[in-house]
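> Here is what each chain is made of, one letter per residue.
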Amino acid sequence: MIKKEEIEKLAELSRIEVTPEEVRKLSKDIESILEYVGELTELAVEEPESAVGALRNVMREDGTPHESGVFTDALLEAVPDREKNYVRVKKILE
Amino acid sequence: MTKEFATMSVEKMRKGLDEGTFTSVELTEYFLKQSKAKNKDINAYLELYDDAIESAKKADERIKKGDVATLTGIPIALKDNILMTGKRASAGSKILEEHVATYDAFVVEKLKKEGAVVLGRTNLDEFAMGSSTENSAFGVVKNPHDFSRVAGGSSGGSAAAVAMGGAPVSLGSDTGGSIREPASFCGIVGLKPTYGSVSRSGLIALGSSLDVIGPFGKTVRDCELVFEVIKGKDPKDSTTIDENTYPKPQLKRKMTIGVPRDFIGNGVSSDVLEYFENTLKKLKQEGHTIKDISLPYMKYSLAAYYVIMPAEASTNLARFDGMRYGLSSEGNTLLEVYKKSRAKGFGEETRRRILLGTYVLSSGYYDAYYGRATTVRKMIADEFKNAFKSVDAIATPTVPTPAFKIGEKADPVSMYLADIFTVPANIAGIPGISLPVGVIERNKKQLPVGVQLLAPHSGENILFKLGTEIENCC
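Protein chains in written order, with my numbering: chain U, 1 to 94; chain Z, 1001 to 1474.
Hint data in this document are derived by calculation from the structure and do not stem from the laboratory. From the three backbone atoms N, C-alpha and C, an ideal C-beta is built for every residue, glycine too. Warning: the hint list may mix true and false statements.
Chain U regions said to be covered by chain Z (calculated; three or more residues, Cβ under 8 Å) [as the list claims (entries may be wrong)]:
no.: 1; stretch: 1-14
no.: 2; stretch: 26-37
no.: 3; stretch: 47-55
no.: 4; stretch: 68-76
no.: 5; stretch: 79-92
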């Protein structure tokens, strides 16, 4: 049984506000999904040696980044609360 | 002439354009007109681009000069989770309803370089989470064959756009079946390429180890042509592969197709099964061998998927926080802004999956769920690898049933079961194609049925060959 406190904790961790009605529904839904995926725990498993895809090294050498400021305006265009070249947010420190 | 555009293949369009029989502007105007007319009922497109005519004009100039590539002047529709500079990309969500893309996806760069003409952005389940587009914040996509039924999802808009004659080809994305399932429901071809063969740069991420962009078309050949354009190694996506990453499977004249009988059975409609058996008969007639195989772990793919995908989604969607882009709600504190923005901007299924993902990744549950699911994932991938030692391809129905009615699958798990045959390919990273093999009658409407073929990594060549034979057979 997924208790409502667990759902509230998950909502807190995921930074999503939930109403009591939503908690009730989510509790029921997540419970039934967990029941379905629980069949994985019934399987006898042996950790396979191999990886799922082809393992290969994709690291590259450090390179020079693009010229400073090239994308700034385009990106800041979307900011909900902008002040010059800053993104304004609520204060973090009390 | 324009009436022929409806059934014209990409190759015939290429020929017509290059020989000057018609222009890209004529093609584009035709498909824009069709799309506008049909979209009122079907809701496949979220936005049609009037400036597509400008791209068509530029393409016509290139064609006159003889500077042509495969898709120069060919119209195409894009799923709205693929970024195109200056155009909105909503991912089917309120949280990105007004978001404008600031860069091109790798596939869009490729399309632009070819001179393809992007007609518009298509509807999808929110953040690609769904199998019906009922989770779109902008309304469901109706199935062109029966408006009371779903077009499938999550790439329902891209599938319906082609099926309704609104685009000759389109792009979707497939994380658990989101190209193949709507292709099956809408009666067209849909290809899920090998994981890594098409770059995810500029694709709004759902499950980074599962997502891949792929084409829809009326024929296998149309899908093949688009795949050849969009595939390729991309320095911005380090999971991309090239021709040397996997040994390319051999194309034999006579191939062996494996059928996992123990997996196909319960829940598959008898008429869907009938079409599936017919398709196997066609392959036999073409000289191939059908072999029953046993894949005992395959049936755990869906459970593994519904642990891994929500986990990855919960991480990928953490960036939508009302700070730098997207919907931002008022709040007294930073935490409140986060919580209210996300509560307001995310739909029910999205919130459900984020919470589920958070649960399976949280301390105390991580090993039991996420750890276990990734182990089972490896076991399934190994099982496929072994199977492909004795068969060249694997066949299943694409979906157990034809398109279901809008509102029919109210319970989340019953919706998830629509992906039972498609999910294994994403778990293992192998390519899969859905082929339309016929129609069955339900409530006096003719509903399409699809068959799925799977191949080893980088085995798209096998899918195209067998797919074309099924298309042309008998």
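> Next, verify each hint and record whether it holds.
Right, here's what the structure says about each hint:
Against chain Z, the stretch 1-14 of chain U contributes 6 residues with a C-beta closer than 8 Å to a partner C-beta. That satisfies the three-residue criterion, and the hint holds. Here the stretch 26-37 of chain U counts 8 residues with a CB under 8 Å from a CB of chain Z, which clears the bar of 3, and the coverage holds. Counting residues of the stretch 47-55 of chain U whose beta carbon lies closer than 8 Å to any beta carbon of chain Z gives 7, which meets the minimum of three for the stated coverage. Coverage of the stretch 68-76 of chain U by chain Z holds [criterion: at least 3 residues with CB-CB distance below 8 Å; count 3].
With 8 residues bearing a CB less than 8 Å from a CB of chain Z, the stretch 79-92 of chain U meets the requirement of three and the coverage assertion stands.
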